[in-house]
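J.: Protein sequence lines, in the order shown, are assigned to chains A and B.
If you count the first sequence from 1, position 104 lands on 104 in our numbering, and the numbers rise without skipping.
If you count the second sequence from 1, position 111 lands on 1111 in our numbering, and the numbers rise without skipping.
Bear in mind the hints are in silico, worked out from the structure with no lab data behind them.
Just to be clear, a hint being listed does not mean it is correct.
What the hints assert, rightly or not - Here are the in silico distance ranges between beta carbons for each label pair:
(1) A:GLU280 - B:GLU1169: 51 to 59 Å
(2) A:PRO9 - B:ARG1232: 53 to 61 Å
(3) B:ASN1027 - A:GLN156: 54 to 62 Å
(4) B:ALA1035 - A:ASP193: 46 to 54 Å
(5) B:GLU1031 - A:GLU42: 30 to 38 Å
(6) A:GLY25 - B:TYR1072: 50 to 58 Å
(7) A:ALA232 - B:GLY1148: 42 to 50 Å
(8) A:GLY25 - B:VAL1051: 23 to 31 Å
(9) A:ILE152 - B:GLU1031: 37 to 45 Å
What the hints assert, rightly or not - Heads up, simulated EDC-like pairs for lysine to aspartate or glutamate below, C-alpha to C-alpha not over 20 Å straight-line:
(10) A:LYS216 - B:GLU1031
(11) A:LYS216 - B:GLU1151
(12) A:LYS250 - B:GLU1031
(13) B:LYS1032 - A:ASP200
(14) B:LYS1171 - A:ASP200
(15) B:LYS1117 - A:GLU131
(16) B:LYS1032 - A:ASP249
(17) B:LYS1284 - B:GLU1252
(18) A:LYS216 - B:GLU1037
(19) B:LYS1117 - B:GLU1102
The beta carbon of each residue, even a glycine, is placed where N, CA and C say it ideally should be.
The chain contents come next:
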Amino acid sequence: MSREQTIIPTYSNLKVLTISNHKGGVAKTTLSKLLTEYSVREGVRVLGIDIDPQCNFSARFLEMTNDGMDPPLHPNFDPKDPLWDELPYSPPGYWSIAQFFRLGYVEPYPTNIPNLHFIPSHKKELTNFLEQVERKSVQEAVVDHMRTMLSIEYYQEEFDLVIIDTPPQTSALTASAARAATHLLIPTEMQEDSIAGMADMAQLWQAENQTREAEKLMLVGILATKFDPQSAAQRRTLEQVSQNSVLGDKLIQPPMRYLQTYANSSSTYANPRSLFEMHENTPARIEAEEFCKIIFERIFR
Amino acid sequence: MNTESKTKRPGVLIKRKPLGVQSGTINRVAEKIAAAESATLQEYELRQITVSDIELWDEQPRKFHLNLEDIYRGKILESDDNYKVKSEQLEELIGLSMSIKEFGILNPPLALALPGKKVQLLGGQRRVMAFIFSIFHIRTVENENQEGYNEIIVNPEPDMSLLYIERIEVKVILRRPDELTKERMAMIDNMQRVDLTIGDKLRWLISFADRRESLGKKIKWRDLIDTLGVSRSQAYEWLAIVDSRKDAYVMEVIKKVISNLVSFSKLLEIVKADQELRKLLHDKWFGDRPAPDKISRVSLGKTDNLKALRTLVLTNSEGEVKDHFESINWDNPKNAKKGFEEFLIYWERKHG
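Could you build the full structure based on these sequences and the hints that come with them?
T.: What follows is the structure, encoded as structure tokens:
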């Protein structure tokens, strides 16, 4: 039967990491923040993309307005420039991932960190867009959208790594992030619901790989998050996972333990600005450096 | 005190489940991950999908007036513009629905994968609707013999949450085909299930009726809408054929319909006619060939009292024949059957 082949645009050197798990509260955003900071410090040019309407990833690197729900005005925005008026959306002055999906174009924000750019989320607009996608069944187009954008020359030349933080749900946006990705990272808690939730994730991953002829989506690994070494149940689960013939290789050690420290260090006005600026003997920093290093090396090996 | 010491007896302690995530969960996830990692380019896969994740296709080839609202409601509103057409379609759908309740969907509907969990139907709209009807409005009830049978109970307030629980097996195409291929596939999916020919249905019906009759049961209209996929009014027409199938004229037309020599409407016409009219119609259609001999066969029932059979045969026969019958081993059912047949022939010859 003759079929129109699904042509997936290829990247030259760009790596795209999607951090995803359909289960909420498994420290996806915390991990996105840590990895972004780590990668930037390793000297790669990073683009952060936040497609979670909660905007927490965006708020780490940009000064969001309206209680952290709206992106700030773009530094390139000049109210007197007639070009801005010609843009087919309003109110003008900011860009978010919602505009990217709607208009097919977005201008990444520069951040305080020189080699980090960011495309923020926008709670209201993204939520509205999601509802429309559900209704209009235009999901197919949405899914290919992000990969198509990232494959254009600008992104290929300006960035080495894109880190996408996803919302905890199955939607066209999550599928879009999976389509755009070259690498997938699954954070999970060591408890029944989160582990079972990985099966849904695997389903999406499998469906994605079934549509790709080459450049398969690679699993960087599974990171145990919110790990409490005091809990016998969690210890036993971690041991079981690490002994499993399939999951054992995927498990990234050490597990993430110091969630509280990570959360504090990555708040908008935290001092020092980053976990990686804390004293080098800080257990949280040591731990984060270890698992970030493994993830980073698995992406760029 | 006594009871306490009993419960604490060694070996009676209940073994606690080990802490942490159960190994079954971990293995299941590992299996999925292994499958995802080794996934190769595929055309389609079979998936178990909740009804809520299936989107109907509006441009399907089969002209279909029913919509989901009608199915949820379980009946057509009289104020509906398409009341008549929809009622007929619903009646047919109920038949399909009954068989789905009993056997499930044997031929999975064809669908296109949408991002995430959802799929878009390409074929099998009717099957999916019938499935929804069956979960909302068909209940399995037990009769006095504790045999379950399905009954339509139109539920005015169906439990919509069932749509998020009940699953259908769907053949999901993973890569989006072009529009033309999509249309062709939808057409093929509908063509593959084109109804059986009238002849096939009739042949099945007659043998089914005979088998039911030998069990002392009659066919009901419900049996027919289930399996033949006909409406209730059509089912009554088929029942009329069953009832008059032993009439010589009707029998002849049935044979002709099965061998595709005569149209089904002629059969219906002759079934509805009375005896005189049947002869007239028969002569009109098939010329002046004589009507077939009216041979009627009678089943003589069954007995396990072979001794009674022997006595009956021996008291009604004489001479050499009686000697012959006496020599038969009447305790052997096979010999007894053969002997009784011979006796009937002898009796017919003697008494006409």
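J.: Determine for every hint whether it applies to the structure shown.
T.: Evaluation of the provided hints:
{"no.": "1", "hint": "A:GLU280 - B:GLU1169: 51 to 59 Å", "result": "holds, 57 Å"}
{"no.": "2", "hint": "A:PRO9 - B:ARG1232: 53 to 61 Å", "result": "holds, 56 Å"}
{"no.": "3", "hint": "B:ASN1027 - A:GLN156: 54 to 62 Å", "result": "violated, 41 Å"}
{"no.": "4", "hint": "B:ALA1035 - A:ASP193: 46 to 54 Å", "result": "violated, 21 Å"}
{"no.": "5", "hint": "B:GLU1031 - A:GLU42: 30 to 38 Å", "result": "holds, 35 Å"}
{"no.": "6", "hint": "A:GLY25 - B:TYR1072: 50 to 58 Å", "result": "violated, 35 Å"}
{"no.": "7", "hint": "A:ALA232 - B:GLY1148: 42 to 50 Å", "result": "holds, 48 Å"}
{"no.": "8", "hint": "A:GLY25 - B:VAL1051: 23 to 31 Å", "result": "holds, 29 Å"}
{"no.": "9", "hint": "A:ILE152 - B:GLU1031: 37 to 45 Å", "result": "holds, 38 Å"}
{"no.": "10", "hint": "A:LYS216 - B:GLU1031", "result": "holds, 18 Å"}
{"no.": "11", "hint": "A:LYS216 - B:GLU1151", "result": "violated, 51 Å"}
{"no.": "12", "hint": "A:LYS250 - B:GLU1031", "result": "holds, 13 Å"}
{"no.": "13", "hint": "B:LYS1032 - A:ASP200", "result": "holds, 9 Å"}
{"no.": "14", "hint": "B:LYS1171 - A:ASP200", "result": "holds, 19 Å"}
{"no.": "15", "hint": "B:LYS1117 - A:GLU131", "result": "holds, 16 Å"}
{"no.": "16", "hint": "B:LYS1032 - A:ASP249", "result": "holds, 15 Å"}
{"no.": "17", "hint": "B:LYS1284 - B:GLU1252", "result": "holds, 14 Å"}
{"no.": "18", "hint": "A:LYS216 - B:GLU1037", "result": "holds, 9 Å"}
{"no.": "19", "hint": "B:LYS1117 - B:GLU1102", "result": "violated, 27 Å"}
Hints 3, 4, 6, 11, 19 from the earlier list are contradicted by this structure; the remaining hints agree with it.
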